[in-house]
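> These protein sequence lines are chains A and C, in that order. Numbering follows our numbering, in which position 217 of the first sequence is assigned residue number 217; successive positions increment by one, without gaps. Numbering follows our numbering, in which position 199 of the second sequence is assigned residue number 199; successive positions increment by one, without gaps.
If you're looking for bench data, these hints aren't it; they were derived computationally from the structure. Please note: incorrect hints may appear among the correct ones.
[To be verified] With a straight-line Cα cutoff of 27 Å, these simulated BS3-like cross-link-like pairs (lysine-lysine) come out:
1. Lys645(A) to Lys50(C)
2. Lys723(A) to Lys645(A)
3. Lys131(A) to Lys50(C)
4. Lys723(A) to Lys315(A)
[Unchecked claim] Okay, the calculated bits of chain A under chain C, using three or more residues with CB under 8 Å as the criterion:
5. 40-46
6. 689-695
Glycine residues also receive a C-beta, built at the ideal position from the N, C-alpha and C atoms.
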Amino acid sequence: MANTWGYGAMTNSMNDIQNSKAIIIFGANPAVNHPVGFQHLLKAKERNNAQLIVIDPRFTKTAAKADYYAQIRPGTDIPFMYGMLNIIFKNGWEDKEFIDARVYGMEDIRAEAAKWTPEVVADVTGVSVEKLIQITTVYAKNRPGTLIWAMGLTQHTIGTSNTRMAPILQLALGNMGKAGGGTNILRGHDNVQGATDMGCLSDSLPGYYGLAEGSWKYFAKSWGVDFEYLEKQFKDKSWMSKNGFTLARWWAGVEGVKNDEAIDNAGTHLKALVVLGNGITSIAQQAKVKEALDHLDLIVLADPFVNEAAVLTDKKDNVFLLPAATQFETSGLVVATNRSAQWRYKVVEPLYESKPDQEIMFELAKRLGFYDLYVKGMMMEETKDGKLQMIPGKTTFIWPEDACNEIARIVKTIGLTGWTAERVKKHTDNWHMFDELTLEGTGPMKGEYYGLPWPCWTKTHSGSPNLYDTSKPVSMGGMGFRNNFGLEKDGVNLLAEKSVTVIGSKIQGGHAEITKDNIEKVLGITLSEEEKAMMGANWKVDNSNLIVQKCMEAGIAPYGNAKARAIVWNFPDKIPMHREPLHSPRPDLATKYPAYADKANHFRVMTKYISVQSAKDYSKEFPVNLVTGRLVNLNGAGVENRASKYLTALTPEMFISFNPDLGASLGVKNGDMVWVHSPEGTKIKVKAKYSHSVAPNMAFMPFHFAGHFQGEDRTANFPAGTKPYANGESANTVTNYGYDIITQIPETKGGLCRIEKA
Amino acid sequence: MDYARMKFYCDEHRCIECDGCSVACAEAHELPVGISRRKVVTINEGIEGKEFSTSIACMHCTDAPCEQVCPVDCFYIREDGIVLHDKDKCIGCGYCLYACPFGAPQFPRDGAFGAKGAMDKCTMCAGGPLETNSKHERELYGQNRIAEGKVPVCAAMCSTKALLVGDAESIANIYRTRVSARGHGTVGVPYGWDKAYTK
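Excised from the complex, chain C in its bound form (with noise of 0.2 Å):
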């Protein structure tokens, strides 16, 4: 049997851009005002019958291109497929922003001369690789409710449940179940997967 492989999908039909999830996860992770780690994003705003809104944040992608530029390789992938980093061994350098197609990592933006420090995004909830659930992971890199069997707040908060996430197999079932209920469009794939996913 295939370890479960945990995804990110963000159903475009349903995000209504409210941001719960991204309030959710600055407000879980107690994260610095500015380090955005999931992110709502409007295309055409305003333009009838060409807008959209979609929630992206890392997604936790197969061969993950941040993992494969690290010079320092502070990534890791854990059995589950989510990308985790140790921001003890980060140098801030910023090569995993310009490798990520999803412009997940971010950085801190005080600091003299824009220095940029340890690289911070989405853990999926799954914490770091301190020990689980200690006060020292906590604050280096938010909550682990992954371990806690808890779904990641992002998804948990999302109003419209248009943010899914969990093993492929089960977000690809529900994805179906709406694309065919909606009785038009094609099973393709979901926004974003083509990149992170296909390998």
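This is chain A alone, in the form it adopts within the complex (with noise of 0.2 Å):
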């Protein structure tokens, strides 16, 4: 997504969905993990009529009010996609001008796509002929067309080509940059925007701003630290810029976990856990998981409940569990899945000896002598003349009001200048003021946009309800593709051409993102000395924003309007190909469509590809399709819902759900227990459960249990009292192998697995 127009988000809003005529989701089941949200889609069926298409592994309940659904082999939506645009190709139902006007390289999709034709995309898919076409020309036909995702477009070996895949449909028939169109990414869980803007990876500092030199620079100075003192935290300079390890794979840095795979990690090996509030019983690989926990010096676990690891592990020494308070009991800034921001408001003062995450991370860094930098950047001001300086007469800090303005002062990538704590609380505060469908304000908050969507470029702008649409004037949230790959590749331009002019630029068509070198020459104007003096080297690190502002009174956007890229020169494959997952159901397909090449040092850890994917025909021995997802009335890993006795009613047990017609094949009936073998040597033993909405070579499980491990309860495990009502087996117990090539999210969604008779 941001290789392909600049931002990885969600381009418009669920609100927005109302607003199209054709909705196409791909591994998504909102109708189960955004069950409120969904109430946008059902709307846009009733004002609009519009058709609402499925494409899953699972007849789901999103899939129960669709209009047209095709039940998909999973890990092959690449095909799919490339099927649906032969066909929009051969028919000419393109939007020839928008692409040649927006678009790079998408010549070199029309040459792929000619390969898939109906009849090989239904070979591959498993969807046939009639259905590719009758779902194609529906979407073609009902413009514009939002396209929906989640985890089941990216959790592949190939999910950072699927996730280019999806927005190339989408630039093919011009559904981008205006509304009712878009690509509606769901995000998963509360505030996973806002933790992903902040930069929880292993790849970047907050912001998106990377690990170069120069992002490190800009944030030592913003946050009034010597860069020579954050160098020194490293071994040496060179880490500063290396990915770390991520989620995923951490445990494959741990001394003593058996494991082949080499790690690049400084000469040394992971000792120490902190987990601040997240689920890591559900993560791929339980059994590495378990031996990585086994062998640490130290295990810490900040959760409101007992994090499962703990019952998970066998060390008796170490492991500390920190009581860390809800959601209800602190105040602050969250960010929803379409990139808006509101206010939370404290419910209730901590419960017991609970602490919000911020005051462990504060004692935490009271402890390690670090606390009066770790706090400084929240009583820092820029000046008029662009350097930085302590408030006058600040000598405290006001939680979260002041990091909330810390990260509106420092965050320009992606606009975060206008995200003040008192505006963003005035629009929480004025919640019904704004209208449902085009988030529009009215009286007081006329002229801004409900929770100030990202970009807000100032203090005074409106926010940017749908991405890239050239149709309003960037103050009020136009804007066009982010100029963030050069200005041509081999003599070709990447800029927008002439006729892409966002309403009320001063710049006919195209141009590059604004630096200081460039911005006299591409704005026409004469800076003086003394703004020379303040302004930074580019938009991006410009503590003055002085960049912005003179971008905002010449009405064009700051990063540029350019073209979006189908090509990703830099990427392994440069435009999105087929490759089936490791553990293919297909061998021929397998060999056809081959994995990538093994990635040493992928996030510190060689990862393989095509060596586990060549080793044999997995399809002999476990042949059965696996997914995973989400239960209605869980979410994460589950405990703090299986510890509600009216949640937990609902699904009381484990199970694995599969058609009824392999249950009479493999002897099993509904209600009995089986073992579910995974290709590496895993199992659990679970409850089958008879469902026709999964395929005959399919099964299902949810990835929301834990406290059972490949047979054994270890729920004695649990604190006394803290033991939830209901425990199982967790599904990532017997996921198989396999990340992507890029981001390195396993591959939970499209696996191998054989089932037995308990």
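Put the complex together from the two separate chains, hints included.
Dropping the structure here:
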């Protein structure tokens, strides 16, 4: 996404889906995972007679509300979308004007799509020729159409390619940058967008700044900390710009874990694990996670409920459970799936001895001796000349307002400048003054969109409800695609063509992102010496925000106006290519569409692709396709929900659901206990649950259970009084090995298993 | 002017079986696990073109059959149509369960030899015959949200606004608007209404 057009976030909003004429969903089940937001899809059906199309291996609750449903084989979304493009190009349904003016590299897509005739697609995806043609026709003829996805698209070895393919389909149909269109990626948890924006990842500083030296220097300056001090915290300088381990594969870095995959971690191993509110029992390869937990020197788990990592491990000493407060016992800014901010007020003081997360981190910083530096940024401000200073007279900070203001002050990349605590609170307090459909404010909130969806360029900016919409002035959230990949590639222009002018822009057509060096030329202005002195090198690191201000005056987005790119020349697949899952039920296709070469030092650990895929024909021993997902009453690793008797009563036991036809061939009755075996040699004992929603060669498991491990009940490890009402095997004990080539997200949505009666 | 007649309506085009209504009901009234004043039912699960879900509780019928068969006459119908009963009179005989077309009456399942005890059912969040909002009323019948001017908790919680409750005319208006907006189907009678509200 970010590599296609600039930002890797939902482009429109749940509300805007009500403007769609067609809605196509790949690998998402909003009726279960976003039940409240799903009403916007239902309303689109009522308001617009919107055609709801669901592409999913399972006939989900969302599919039950669909006008068209295709039961796709897991991991074959790219062939399906190329098949759609094949039909679109053949019939001339593509938006030629849009493609010519705003897209780079669509010719390569056209060439690849030509290979994916409906017949080839039917063989690979399992969806009939007729159904593919029907769905493509409906989606192409009902515009604007929005494309929705979630983890069903991302959790594959080719997840990154999947998330490029979907935007390409939208670009071909000209569905981008308009109300009712867009790629509406649904975030799966409260404030995930905010967590991502703040860089809770091992490959970036907050705000997607990356780990380059220039980014570190910008943050050092903005935090009032010496760059050299930060540098000294690393083994040597080179490690500052290297990716860390990921949540998916940190276990490989622990000494003693049986693993033939080389790590590159400065010659040492991971010794301690601190978890703040993450259900690590919902991550693939639980057997490896357990092994790693057992071998760590120190485990600290901060959670309102017992993090089940503590139950999974055999480690007896140096395992600490810190009682963290819930979201009701703290306040602050949270970010919704559509990039909008909302203030959350504290409902009650933290109960008993629990502490909010920030208190835990402050205490840790105090013990480690860097507390003053840690909180310093909250007491700083920019001076008029672009320098930074301590706010005169300020000796202490107010949480979380000052943290919010620090974020607004520093994070320019995604335009958080306008997100001051005061403004966000005002929006939340005046929620009723905003239109449900357009998010536009009325009365005192006129001229602003609810929650100031980023980019919100200045302290008076409206917020941007739909990304890349050139029909609105920049001051009201308009913009072209971001110029982030250079001005040209091999002599081909990467900027938007002349016809793509953002309404009200001083510049006709495309332009480069704005830097101190090009601002005078691009905007046709002359800076005073004083302005030059205060201005940062480019719009992203300009503490004075003068570049953005000048851009607003000229009616342009500081990040430029460029083409989206269908070709990502720095990725292993320059255009999205189909590659079979590592454990494919179709070994013939695995030969034809092989996995990537193994990748050394992928987030510090050797990660296997082709060597796993080509090792053997797994489909003989493990004939059943396995996908995992959520239940409506449970969430994440599930420990907090399973502590509610009413939620637990709806699904009191861990289960595996499969078609009665498969049950009959296995000799397993509804309600029997079964063993589910994985190609990694792990197994879990769960209850069989018949369901017609799963195809006869497939099985589905929820991932919300824990407490049992490979047949063993470990719930005696819960401290007295903390055991949830329901416990069971974690599906992730048997989800298969496999990780995305770019992000390393695990391939939980397309593995294999064998089911045997227990 | 007619006194407002309260009705339930669940739009099966909108109900997604999230169980928000049933869990909210159980939490609000602190029901024992196993007592389902409200249930979400899915028909033809997993069958393309045939699956639908709906939320069912006591429909607070006109000429309620439960009231007609009760041997101890523990039922009473409020002016607004809400059907309530007196747990202190109820002998737990179960006749009402046989008469009810919706399976609404619930009986405690524990106790020796499956002894039934007083029946429990949806009160449309309107409590019972005891003093309004008293501790005693709350213990026996749960919250009395109607007396507080609040929407029954199930409809308030409904994630897609499939489940509606209110006076007959308002409900009928919303129903008609949705059906005509969808541009297909006819404005017929909502599911369950033929049994609950024809008389």
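> Against this structure, judge whether each hint is valid.
Hint check:
no. : hint                   : verdict
1   : Lys645(A) to Lys50(C)  : violated, 31 Å
2   : Lys723(A) to Lys645(A) : holds, 12 Å
3   : Lys131(A) to Lys50(C)  : holds, 18 Å
4   : Lys723(A) to Lys315(A) : holds, 18 Å
5   : 40-46                  : holds (count 3)
6   : 689-695                : holds (count 4)
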